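Visitor: Chain by chain, the residues run as shown.
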Amino acid sequence: MKWQRLVVIGLLVSVLLGGCWNRREPELLALITAVGFDYDAEADRYIIHLAVVNPLATQAGETGGGAPTTEMFWSISGSGFTPFGALRNLEGSTTRELYWAHARVVIIGEGLARRGIEDMLEFIERERQFRLTAFLAVVDGPIARLVSQAYPLEEEPGEALDRQILLTSLNLATIPPVTLRQASVVLSRPGLDLMLPRLEARPSHSGLDAPNPARASGSAVFSGNRMVGWFTEDETRGREVITGQLRRATLELEMEKPATGRIAVELVSAKTTVAARVSGDCVTIDIDIRADGRIQSHAGGMDLEFQGLHSEALERQVGDEVRRLVEKAVNRAKVLEADVFGFGELIYRTQPRTWERIKDEWPERLRELEVNTNVRVTITRTGLVVEPVRAR
Amino acid sequence: MRTEKIANRQLLLIVYMIRSTVIIATLPVLTSADALQDAWVAAIITYAGTVVIINIIAGLGVRYPQQTLVEFAHRLLGKWPGKAVAMLVLWSFLHLVSVDIRIYGEMILSEFLTETPLVFVISTMVLLSAYAAYMGVEVIGRLADLFFPVFVLMVVASLLATTGAWRPENLQPVLARGLGPPLRASVTPIAVSAELMVLAILIPSLTQPREALKTSLVAITLASLTLVLVAAVVVATLGAEAGARSVFPFLRMIRSVGITEFLERVEAFATLAWGLGLFITVSTFMFCGARGIAQVFGVQDYRPLVLPMAVPWVVLSIHSFEDMFQLRTFFQPRIFGPYGLALILVPYGLLWAGHAFQGLLHPEKRKRL
Amino acid sequence: MFRWIRQWLRSEPPRVQEDLDLGQREALLRKTRLAENLEANLETLQKAAGNSPDLKIRRFKIRKTSAALVFFEEMVSSSTLSELLHHLQVESMKADHYRPGLDWAKDRIIDNAEISEAALLDDILSRLALGDTAVIVNGCAVALMVDTKGWETRSIIEPTAETSLRGSREGFVESLRVNLSLVRRRVRTPNLWVEKYEIGHLTRTGVAIAFIKGLASEELLAEVRSRLQRIDTDAILESGQIEEFIGDAPFSLYPTVLRTERPDRVAAAILEGRVAILTDGTPFALVVPAEFIMFLQAPDDYYEIVPIGVFIRALRGLAGLVAAFLPGVYVAALNFHPELLPTSLLIRITATREGVPFPVAFEIFFIESVFELLREAGIRLPRAIGPAISIVGALVLGEAAIRAGVVSPGAVIVVALTAIASFAVPVFSVGIVGRLVRFAIIILGAVFGLFGVQFGLLLLSIHVVSLRSFGVPYFSPLGPLVVADLKDAAIRVFTWQMVRRPKLVGAREPVRQRPGQRPRVGREGDRS
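Residue numbers (numbering that gives the first Met the number 0), protein chains in the order written: chain R, 0 to 391; chain P, 0 to 368; chain H, 0 to 527.
No lab work stands behind these hints: they were computed from the structure. Warning: the hint list may mix true and false statements.
[As the list claims (entries may be wrong)] Distance ranges between label pairs, derived from CB positions: (1) Asp-43/R <-> Val-405/H: 35 to 41 Å; (2) Val-395/H <-> His-318/P: 33 to 39 Å; (3) Arg-95/R <-> Ser-343/H: 16 to 22 Å; (4) Ile-390/H <-> Thr-2/P: 57 to 63 Å; (5) His-318/P <-> Ile-419/H: 48 to 54 Å; (6) Met-86/P <-> Gln-496/H: 49 to 55 Å.
Small disclaimer: the values here were computed from a predicted structure and weren't measured. Each residue gets a CB set at the ideal place from its N, CA and C atoms; glycine is no exception.
Only chain R is shown next, with the shape it has when bound in the complex (with noise of 0.2 Å):
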């Protein structure tokens, strides 16, 4: 019993002196959930963004009835020296404590990115409050458009980016979406480059026909740490293709044979393998690509029976087109030598002996390589229709 007592009491006095260190109020705290990192070159700082919500604005639409006085959210800048020395600048011109664990996005400008990220991304990794879920994207354009203009249907930046990332890599793929978690794994794999999203910053205004200050587009190339040029969204596509995380893409093309007119169809379900063959200098690798395709719109009202000959000449189509977007991307690749499908990663998976040897050179080796594609798309669905709209 005396025993039991003296525990007691040995908690009571260490929480009696301990007080409460890390208390903070919730309401204490400023609530990030748009960071933006830039770097001037002039002044050779770090640039720093936020987009920070506003608690008052959502409790004066719950409760007044009126339309809200306030902004949604908060955007400030500040610089530093440092990454970390660059937010913590900013508290001196904020009321509350910037707190990180809610930030959904992490945005890149252009000027860090060609510089290298991998300061900032260090500085993430180190401090504790970061979520490693936050997408990461560059940005095409000022960076402060992102974080301090309106989004129409979204009440703050963060939520807005977070959801427009996701959306387009979903139903487009043309942008390739990466956590931070993913960019550090990707960084520090050998025969691995890092591709991020490309957003493009636009004006906006306040109105009914205000348009989204962000457009997600292409993607932004990365040879080791640093940024070294942009994919168009085609070559995106094509690499998304080829690295199999693709889910849905949708080509329009023009049907030249047997039967004419405009067609539209989405890719689901890529998958693809590929296999690296080094012989000697000479790398070569194969791309055997197997994706399932639906019709979803056919415009042109040409007499058309899926069957046969017809299906089977829209398939050999399609796979082209599939084989030109891969095409593409690896030639823009090698331009940039920047081997954003891992392939010098899968020649050090498999062959790691090979690997040592080559790995050096790799740059070179990368634009010399030969690329094997072959491709068999397969038209499963047409839709809720078996012919067009015929008008007589």
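Following the hints, put chains P and H in place on chain R, whose structure we already have.
Guide: What follows is chains P and H alone, placed relative to chain R:
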């Protein structure tokens, strides 16, 4: 007073939790520069090594099922050498577990309560464990029964939550640099199994002490399975290089995945599992330590010793390392390997020698046991 | 001192003094015997009872001898009394067996259950207090005590503190005899044994233990007997007092004795090999040994179909956890781990907390206290006003506090949820512990965050796991794990699957029914 007994099942759970907790805590050693993506191979090697060590420890224990290490050391080696060997073993309890507590404290401090003084986290844990140790081995056994499902649930849930983020490519190439690196990486985890010397004190408290070797082998097998799984999943999720970079890879793995949009950052629950495991570990060691000391000095009841023992425990765990750098250096294979192995092999070498010698001297005595 | 009293008593003729202290009075009563003279006896009795008006004396004649019936009003049944009177007078007329004195009457009074003789004042008065009637005859220094119990009791109604949807509607009442009959009506085996004790030297409360001979272990019985016999007190008014005397862990928050108002629960318990302790004057029976898990079980679990039984039991377990931990976790999560909450939820909570003058921990603590206050007020108030309090508390106070911005809706939701959860715990004595624990957890959570909550959990676990109730580990079958008993712990299996009794209490006769009684259509071999 009634002699307290624990079921062999409870010993199994205790050993499992001790081992798994240590593993989660020392995982960086496995994945660090040496083994990289072959961490799971290192885990399998660790299993093999631990089986040998368990046979050394429990093998001698089951030959003296009614006696603790202190008692049979006394009998095998004589009064003073026996006491010296026992003290060496007891020292290893104190030191190894104080390191465990320190790692836990560092984890809490760097992941959660960044401004809380270390001494509060550590002393609260030690005080709680001392309370459990004071209540006796039966209570510890029951707590193991109670916490085991929670512990396993947390570990399994943590592993399952990451399924969406697995990148099996991270596990390749397998054994690209031969067996050397994983062998080096497994030195520390094998040496950590010096902690299993608690078995030498616990065996007489078992309901079926003669089955102790089997029980602990099952426990070690389960724990090693956990270790292999955790190592593989961490590498698949974080990548070998990023895994090796982080201080607490297991936690980092959990915080880097979201189960749904509404369930992210659940590492606090994983640390709960860690806390439960550590609590069982520390209370078991405090019990064994106090009991061992009581027997070395011929005191009847170990209970009055528990609270005084908590003090050196806290002190040692705070003052043996100045910072994280020292702590991590300590776990380097070239430092911890010889130290941990010496902690097992020196006393047990002597004890087995004594056992063999006694067998030669009095063959008839051995038959009676 | 005592010697002096004794000498003084010896020197004086026996008479009841008015200025004596209780101990002296009792000693005196134990010494005083009836005299031969009826009138003197009646006077002594009246004086000993302080001329209490409810002590009634009915004089009559047996042939020529004057006699009297002495009894306490309303403790006796008037019909029995008149029958007794009738007997005495009619039988005495039959000349052949009449002799002066009372011996003849003993064999003749047949309608009444218990008849005995008493000469000491103390004996007579205490029997009177049990509802007996004393027959005193002139010239006879002995009184005949006849059992004429027949006081008003509350009728058997539905238990109020432990209701259930299905199952018996009978609850215990205040009468020990009725309560014993309620148990025996359910367990008709002759092996249901009852032992009676009298505890409390002023109240002389009847206490009975009921058990199944041959099923309840002898060590347990011996332990129960010795703990009951060890009690030396002046008064037992309620079984709660016995509970305090015999409980294993007096300093623990957790009850190690189960209290119940339901005869079916007591029956189920003694059928498992437990011992029930029934106390006169209270509808609450005690059951020992009591494991923690029993406090989370309700009769409905067994009377409903299995899936529902499992579901409500799981729900109740969850409710128990929520009731103890939710406010603490809420405080810890908001103050220390805001990253745990989904972003939009955190924004909403933050928004509603704007302008609230108190820290989260204080806010929760405050609302919890107000809620406890309301609950206590609601119980004590007359039934008609009770609901009014909850209306004032819940609607007016809560709504006004939120409107005024003194507390945030989030905190009110949490407290309300906790309160609802705590009502789902079926046994009050454990529910009330959850309330106490909750405050401690709030404090720990406010200081150490979730780690504080974890420390609280650990401390609590060590404590409950170290408890025993009459030799049975309190937290079994979870800690220590008793795999066989899990069938009736977190889940419950079909009745025909519960082949064995709980391992730790029913070990003496482990099998309760024939295994393999899963219902089948038709008899075996019937199908072709």
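Visitor: Under the constraints set out in the numbered hints, which ones does this structure not fulfil?
Guide: Hints 1, 2 are the ones this structure does not satisfy, whereas the remaining hints hold.
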